[in-house]
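Enquirer: Same order as they appear, the protein sequences are chains A and B.
For any residue, its number in this note's numbering is found by taking its place in the first sequence, counting from 1, and adding 35.
For any residue, its number in this note's numbering is found by taking its place in the second sequence, counting from 1, and adding 440.
Don't take each hint at face value.
Negatives, chain B to chain A, calculated, CB over 10 Å [unchecked claim]:
(1) 462
(2) 472
(3) 498
(4) 526
(5) 527
(6) 528
(7) 549
(8) 570
(9) 590
(10) 636
(11) 693
(12) 708
(13) 738
(14) 739
(15) 746
Simulated crosslink set (BS3-like; lysine-lysine; CA at most 27 Å straight-line) [said to hold, decoys possible]:
(16) B:505 / A:84
(17) A:84 / B:671
(18) A:84 / B:791
(19) B:535 / A:84
(20) A:84 / B:656
(21) A:84 / B:707
Note that these hints are calculated values from the structure, not bench results.
Beta carbons are placed, not taken as given, at the ideal position from N, Cα and C, and that holds for glycine.
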Amino acid sequence: MLTLECPYCGVMADETELTAGGEAHLKRFGPGSSDEDFEAYLFERENPKGVHFERWRHSHGCGKWFHAARNTMTLEVYGTYPAQTSEPPVEIRNKISGIAPGWSWRLFK
Amino acid sequence: MKRYSAFAIAREALRFHTGWERAWRSPEPRRRYDVVIVGAGGHGLATAYYLGKNFGITNVAVIEKGWLGGGNTGRNTTIIRSNYLQDPSAAIYEKARSLYETLSQDLNYNVMFSPRGVIMLAQTHHEVRGYQRTAHANALQGVTTEWISPERVKELVPIIRLDGPRYPVMGGLWQARGGTARHDAVAWGYARACSAMGMDIIQKCEVTGVRTEGGKVRGVDTTKGPIDCGKLGIVVAGHSSHLAEMGGFRLPIESVALQALVSEPIKPCMDVVVMANTVHGYMSQSDKGEMVIGGGTDGFNNYTQRGSFHHIEETVRALIETFPMISRLKMLRQWGGIVDMTGDRSPILSKTPVEGVFVNCGWGTGGFKAIPGSGWAMAELMAKGHSPLTADFGLDRFREGRFIDESVAAGVAH
């Protein structure tokens, strides 16, 4: 079972206590944007084999949304961090580089 | 290719079975093919087969990073049905189901299609209304299904408990000509028929890149060297995003693990397929006597082909209420497959931004039942550039908002 630490309440939460919220750090395109941008924002996903940044909600706990950095090939969790950011924190990125050198995800390395 | 027949069995019995030939050749790849299909699962092999059979295109290679039929084709619960709500879905799934009826004769390979009937249980009032609606829709689509009473469910499935406190059985949607088939045999039968038409099936050959020139496909790079092609079909289920990335485009797909499990073999006790979508569980009995049980998907992106224990517990716990006699069964094996989920839970059979590259993916949790129809339609799309069966399943539907929303109709077990 996947276990993630909620960065808000500090609980080590089992997967059954959480709700997965899909890919993180999407840039929102709303009214007035092009059809291509809107489609990409709504539907197209990185869906990588490897490092993935994603949203989770501690739904059966404190209720907060947070982010997790995880590997979809090994299920290794690199860390969790609060949702009030538009990109993964440097310390998480450095930690991933230490474990999986050469990784990239969208514009992040 | 020597035909399989009763006579062949007698002939081989007389010479100690020394005359059976390999079902398909395993050649090294040539430098160029008219069509390269990536993925030798059911859908990829069926695509190749119907390219040859229906359109005479036989200069085809099917390349596979693992072994033939070793992905989701060998990992599903083998259920075949076509009782979908939306017209485009009913059309392609019913095409597939009807092709299954004669597939063994067509391929000269026993795929053990068993039209034993499929019941989808209604266990909430919402499901009662939903399945009655589906039965009406199916009547208009020419798909034979029927809304049946709880008493009729009990007749068909004597081991079922109708009055479970949490999940009472309030009726069911019955498709008498649905059923199961031998999943490996479907892949093997198509592979043998493709090989007999002169197509090359190249296993243990991983695609490492897609070569394009001026927006048009030129070929693929593989672990067995570069292969040129005129057209490229990407039929790789859960790994579609990975291949699309090589081609320089993205797909509206997320890959998650779907899991199943089987019990120890027991005497025959249930001769239909039962699906209980409220509790995310479905069950049938294999010819060996094992109860084959399918569960729900994980909610998060995952490429590990492993399941998770709490999903098994959830599925089995709920099924035990409806089938009390399975509570003492030991479970033998459990496994996971990586399924490709789209936003509307319907497949994608489409051209792509790269000219000459076609994708067939997004079958999500219900691809096995669709194999012959999917291959039939994909072959037509690749050969002619359009197909009535794929017209509604294009990538452009996401931009244009023309969803084929089966998740509303069928929930998880789709």
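Enquirer: Indicate, hint by hint, whether the structure satisfies it.
Expert: Evaluation of the provided hints:
Against chain A, the non-interface label of residue 462 of chain B holds: every CB pair exceeds 10 Å, the least being about 33 Å. The Cβ of residue 472 of chain B lies farther than 10 Å from every Cβ of chain A, with a closest approach of about 29 Å, so its non-interface assignment holds. Its beta-carbon lying about 33 Å from the closest one in chain A, residue 498 of chain B satisfies the requirement of being farther than 10 Å from that chain. Listed as outside the interface, residue 526 of chain B is consistent with that label: its C-beta sits roughly 18 Å from the nearest C-beta of chain A, beyond the 10 Å cut-off.
A cut-off of 10 Å between C-beta atoms confirms that residue 527 of chain B is not in contact with chain A; the least separation is 22 Å. A cut-off of 10 Å between C-beta atoms confirms that residue 528 of chain B is not in contact with chain A; the least separation is 18 Å. With a minimum CB-CB distance of about 33 Å to chain A, residue 549 of chain B clears the 10 Å threshold, and the non-interface call stands. Consistency note on residue 570 of chain B: stated as away from chain A, and its beta-carbon is indeed over 10 Å from all of that chain's, at 24 Å minimum.
Annotated as non-interface, residue 590 of chain B keeps its C-beta farther than 10 Å from every C-beta of chain A; the closest such distance is 32 Å. Annotated as non-interface, residue 636 of chain B keeps its C-beta farther than 10 Å from every C-beta of chain A; the closest such distance is 35 Å. The beta carbon of residue 693 of chain B is not kept farther than 10 Å from every beta carbon of chain A, the shortest such distance being approximately 6 Å. Every CB of chain A is more than 10 Å from the CB of residue 708 of chain B (nearest about 35 Å), matching its label as outside the interface.
Non-interface call for residue 738 of chain B relative to chain A: violated, since the shortest CB-CB distance, roughly 8 Å, does not exceed 10 Å. Not every CB of chain A lies more than 10 Å from the CB of residue 739 of chain B, the least distance being 4 Å, so the non-interface label is violated. Not every C-beta of chain A lies more than 10 Å from that of residue 746 of chain B, the closest at about 8 Å, which undercuts listing it as non-interface. For the given pair, residue 505 of chain B sits about 15 Å from residue 84 of chain A by alpha-carbon distance, which is consistent with the 27 Å threshold.
With a CA separation close to 25 Å, the supplied pair residue 84 of chain A and residue 671 of chain B stays within the 27 Å bound. Annotation: proposed proximity of residue 84 of chain A to residue 791 of chain B holds, straight-line Cα distance about 24 Å (limit 27 Å). For a cut-off of 27 Å, the pair hint linking residue 535 of chain B to residue 84 of chain A is broken: about 33 Å separates their Cα positions. A distance of roughly 26 Å separates the Cα atoms of residue 84 of chain A and residue 656 of chain B; the hinted pair therefore holds under the 27 Å criterion.
Distance check on the hinted pair: residue 84 of chain A and residue 707 of chain B sit about 42 Å apart at the alpha-carbon level, beyond 27 Å; violated.
When each numbered hint is compared with the structure, violations occur for hints 11, 13, 14, 15, 19 and 21.
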